[in-house]
Amino acid sequence: MMIHFVLLISRQGKVRLTKWYSTYSKKERSKVLRELSGVILTRGPRLCNFVEWRGLKVVYKRYASLYFCMCIDPDGNELEILEIIHHYVEVLDRYFGSVCELDLIYNFHKAYYILDEILISGELQESSKRTVVRSVAAQDSLVEAAKEETGSTISNIIAHAAK
Amino acid sequence: MNPFSSGTRLRDMIRAIRSCKTAAEERAVVRKECAAIRAAISENDQDYRHRNLAKLMFIHMLGYPTHFGQMECLKLIASSGFPEKRIGYLGLMLLLDERQEVLMLVTNSLKQDLNHSNQYIIGLALCALGNICSAEMARDLAPEVERLLQFRDPNIRKKAALCSIRIIKKVPDLAENFINPAASLLREKHHGVLITGVQLCTDLCKVSSEALEYFREKCTEGLVKTLKDMANSPYAPEYDIAGITDPFLHIRLLKLLRILGQGDADASDCMNDILAQVATKIESNKNAGNAILYECVGTIMSIEDNGGLRVLAINILGRFLSNRDNNIRYVALNMLMKAITVDAQAVQRHRATILECVKDSDASIRKKALDLVYLLVNESNVKPLTKELIESLEASDQEFKGVLTAKICSLVEKFSPEKIWYIDQMLKVLSEAGNFVKDEVWHALIVVISNASDLHGYSVRALYRAFQTSTEQETLVRVAVWCIGEYGDMLVNNVGMLDIEEPITVTESDAVDALEVSIKRLNSDLTTKAMALIALLKLSSRFPSCSE
Chain A
33 MMIHFVLLIS RQGKVRLTKW YSTYSKKERS KVLRELSGVI LTRGPRLCNF
83 VEWRGLKVVY KRYASLYFCM CIDPDGNELE ILEIIHHYVE VLDRYFGSVC
133 ELDLIYNFHK AYYILDEILI SGELQESSKR TVVRSVAAQD SLVEAAKEET
183 GSTISNIIAH AAK
Chain B
5 MNPFSSGTRL RDMIRAIRSC KTAAEERAVV RKECAAIRAA ISENDQDYRH
55 RNLAKLMFIH MLGYPTHFGQ MECLKLIASS GFPEKRIGYL GLMLLLDERQ
105 EVLMLVTNSL KQDLNHSNQY IIGLALCALG NICSAEMARD LAPEVERLLQ
155 FRDPNIRKKA ALCSIRIIKK VPDLAENFIN PAASLLREKH HGVLITGVQL
205 CTDLCKVSSE ALEYFREKCT EGLVKTLKDM ANSPYAPEYD IAGITDPFLH
255 IRLLKLLRIL GQGDADASDC MNDILAQVAT KIESNKNAGN AILYECVGTI
305 MSIEDNGGLR VLAINILGRF LSNRDNNIRY VALNMLMKAI TVDAQAVQRH
355 RATILECVKD SDASIRKKAL DLVYLLVNES NVKPLTKELI ESLEASDQEF
405 KGVLTAKICS LVEKFSPEKI WYIDQMLKVL SEAGNFVKDE VWHALIVVIS
455 NASDLHGYSV RALYRAFQTS TEQETLVRVA VWCIGEYGDM LVNNVGMLDI
505 EEPITVTESD AVDALEVSIK RLNSDLTTKA MALIALLKLS SRFPSCSE
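Residue numbers (the working numbering), protein chains in the order written: chain A, 33 to 195; chain B, 5 to 552.
Read the hints as simulated data drawn from the structure, not as lab findings.
Some hints could be false.
Facing chain B, a subset of chain A residues (Cβ under 7 Å, in silico) [stated by the list, open to error]:
(1) C80
(2) N109
(3) I152
(4) S153
(5) V168
No more than 20 Å apart at the CA atoms, straight line, and that leaves these computed lysine to aspartate or glutamate pairs for EDC-like [stated by the list, open to error]:
(6) K46/A with E242/B
(7) K161/A with D244/B
(8) K179/A with D51/B
(9) K59/A with E102/B
(10) K161/A with E88/B
(11) K193/B with D157/B
(12) K423/B with D107/A
(13) K210/B with E122/A
(14) K36/B with D49/B
(15) K173/B with E122/A
(16) K142/A with D16/B
(17) K58/A with E105/B
(18) K210/B with D105/A
(19) K142/A with D49/B
(20) K411/B with D364/B
(21) K161/A with D157/B
(22) K290/B with D105/A
(23) K93/A with E102/B
(24) K89/A with E478/B
(25) K93/A with D366/B
(26) K342/B with E122/A
To spell it out: a stretch of chain A is covered by chain B in this simulated footprint if at least three of its residues, at any positions, have a beta carbon under 8 Å from a beta carbon of chain B; those stretches are [claimed, not checked]:
(27) 93–105
(28) 123–129
(29) 135–145
Every residue, glycine too, gets a C-beta built ideally from N, C-alpha and C.
Let the sequences and hints guide you as you build the complete structure.
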């Protein structure tokens, strides 16, 4: 059951993350963001987490100051999408250690790396949070290792030049 | 940090942008950063390419144009280091989409990376390909992806499986090549591979009937066993959600079984036991459990009939319907709408609860419930159902009244057993929500009344009474005014009294007063006033004594 797009929107309507698995032009994307922000941000707190929108369904859930939204086909399993959203949130929490909106702003690329270990082509990739976190951490280590290598090269050059 | 660094760090740029108080300020900061990045690009700067792309991605998210950075993605992807490729591929997925020609240039890098010795790099390539490849790229790289379905590392196999899904969607002809490798994935133990493998098989069935037949024949039993193992699995902390082992896998298996069982008695037979087990054993107190039950009900409804299973399914829906959680009720209503085609009677048994939902405080639920009630109406239940709906009309808010009114009018017109009942219902609707009633509807009412000669007296008296109490409903006023004009003499002389009626004393001048009020009333529009005038004209010939 395909997810067409994932949006993270703040309560003030600021976009924190967008991932498009179906084809939407730049114009269409802006339209989606405008319309959905309007609909979702004004929904009352005790209403159900599903909105019918342009022949599709959008499942959303609010975590602190962020709305996590995923768009699916009308015959999709809305309750499962709520679990997928929660899955993503829990992984973010494990990775950042008590994640907050600021983490996702300054480390937006990490939020994407994590999402890319959970979904590909709008479908679920891995149900084990441990595996997801480990995979991202392993890749982070590769980046760290590469930095150290470059670092030592530069300090070598400086040391050499200072002689 | 680096003493030779020029330009701001990513962090600093983000901080600077966030501290802007106006849109103009923000534009200025962004313009400055973009200028620096553009300069770096034209100088072919290697050192900060990574950081610059990260900045560009942030700027892109704010909505600014960043097409000048697209080639940077390609250069980073073509670099040999992992950090460069990681950010390069992310940039590719963020800044480009499949329709851009620039994307084609990545095909060669992708091909190389799909064959890389570092499996994390293979992973990056599979992810990018799976998210944004075009049909041509899909065709070009399909053989690589197919090969990777059998790679030694399960994390690569699972990515390859999802990437394959995009490939067969873009190029359905290639589906055949994936049937066998996909079937092998179903025999694995790794949950990630199973989840993605099952999904791949599901999507293969949708594009290829050959795949559907193959999986149905060769894999149904194995899938049933896998689901059984999941359902009977002991506590597995890595996959546990609310006491259930890997609900996601449960759900995907149920989906695939649905497709395999649909229209095939043998396959359906094969899965009866496990479906019954899931339907009865899964606990319904957390969302994860309910998500599985929801899927299970969907599967039961789609496969070949097994009376017992269907009853189980409808019972689950009945329970969902009385759940206090709005989400569960919404989902139940959804499912019940599909269940009507399969077992209308069973759904009818839940009518009372469904009617309660029409009065729900959640607009999404009210609307779904109303749609469902509409489908449930037939000649035998139209009277009690209409009564309930009209009661809901009284309690509903302005937004919902319009929709509800339209549905009630439609039902009443479609199923009305007797004219007098039709007139009564329409009167109630007009009194309560006349302003929402469409023109065709009250026109039709007038036509019905005029054709029912034995009911002329009844109608005009009933309308006169209603008029006394509900003058704020415009359409009620219009219909009343028309009737008084036509049948004023019956009104005054109690002509054609039916047994059920109470006598009413209306003098000629009372009738004329009523019409006068209609004209003078503040909210009367031109149509109403015109109709009232015409009615007065008619009465003037019938009530000569009141002619002035």
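Each hint tested on the structure:
1. Against a cut-off of 7 Å between C-beta atoms, the interface hint on C80/A holds, since the closest Cβ of chain B lies about 4 Å away.
2. Interface hint status for N109/A: upheld, as the beta-carbon distance to the closest one in chain B is roughly 6 Å, under 7 Å.
3. Because the smallest distance between the Cβ of I152/A and any Cβ of chain B comes to about 4 Å, under 7 Å, the interface hint for this residue holds.
4. Interface hint at S153/A: satisfied, since its Cβ lies 4 Å from the closest Cβ of chain B, which is below the 7 Å cut-off.
5. Nearest Cβ of chain B to the Cβ of V168/A: about 10 Å, over the 7 Å cut. The hint is violated.
6. A hinted pair counts as satisfied when its Cα atoms are at most 20 Å apart, and K46/A with E242/B does not qualify at roughly 34 Å.
7. For the suggested pair K161/A and D244/B, the alpha carbons sit about 10 Å apart, so the restraint of at most 20 Å is met.
8. Distance restraint check for K179/A and D51/B: the Cα-Cα separation of roughly 12 Å lies within the 20 Å cut-off, and the hinted pair is therefore satisfied.
9. For the proposed pair K59/A and E102/B, the alpha carbon gap of about 15 Å is at most 20 Å, so the pair holds.
10. Of the supplied pair hints, the one linking K161/A and E88/B is violated, its CA atoms being roughly 26 Å apart against a limit of 20 Å.
11. Our distance criterion of 20 Å between C-alpha atoms is met by K193/B and D157/B, whose separation comes to about 13 Å.
12. Note on K423/B and D107/A: the hinted pairing is violated, with a Cα-Cα distance of about 41 Å set against a maximum of 20 Å.
13. A hinted pair counts as satisfied when its Cα atoms are at most 20 Å apart, and K210/B with E122/A does not qualify at roughly 32 Å.
14. Of the pairs offered as hints, the one joining K36/B and D49/B holds, with about 17 Å between alpha carbons and a cut-off of 20 Å not exceeded.
15. For the hint pairing K173/B with E122/A, the CA-to-CA distance comes to about 31 Å; that exceeds 20 Å, so the pair is violated.
16. At roughly 17 Å between alpha-carbon atoms, K142/A and D16/B fall within 20 Å of each other, so this suggested pair holds.
17. A threshold of 20 Å between alpha carbons decides the hint, and for K58/A with E105/B the separation of about 16 Å falls inside it, so the pair holds.
18. For the given pair, K210/B sits about 15 Å from D105/A by alpha-carbon distance, which is consistent with the 20 Å threshold.
19. Only pairs whose Cα atoms come within 20 Å are accepted, and K142/A paired with D49/B is rejected, the gap being roughly 24 Å.
20. The hinted pair formed by K411/B and D364/B meets the criterion: a straight-line CA distance of about 17 Å does not exceed 20 Å.
21. A threshold of 20 Å between alpha carbons decides the hint, and for K161/A with D157/B the separation of about 18 Å falls inside it, so the pair holds.
22. Pair hint K290/B plus D105/A does not hold up; C-alpha atoms about 24 Å apart against a cutoff of 20 Å.
23. Straight-line distance between C-alpha atoms of K93/A and E102/B comes to about 29 Å, which puts the hinted pair past the 20 Å bound.
24. A C-alpha spacing of about 37 Å is found between K89/A and E478/B, which places the hinted pair above 20 Å, so the restraint is violated.
25. For the hint pairing K93/A with D366/B, the CA-to-CA distance comes to about 16 Å; that is within 20 Å, so the pair holds.
26. For a cut-off of 20 Å, the pair hint linking K342/B to E122/A is broken: about 34 Å separates their Cα positions.
27. Check result for the stretch 93–105 of chain A against chain B: violated, 0 residues qualifying (beta carbon to beta carbon below 8 Å, three or more required).
28. Residue count for the stretch 123–129 of chain A with a Cβ under 8 Å from a Cβ of chain B: 0. That is fewer than the three needed, and the coverage hint is violated.
29. Counting residues of the stretch 135–145 of chain A whose beta carbon lies closer than 8 Å to any beta carbon of chain B gives 6, which reaches the threshold of three, so the coverage claim holds.
Consistency with the previously given hints fails for numbers 5, 6, 10, 12, 13, 15, 19, 22, 23, 24, 26, 27 and 28, ordered from lowest to highest.
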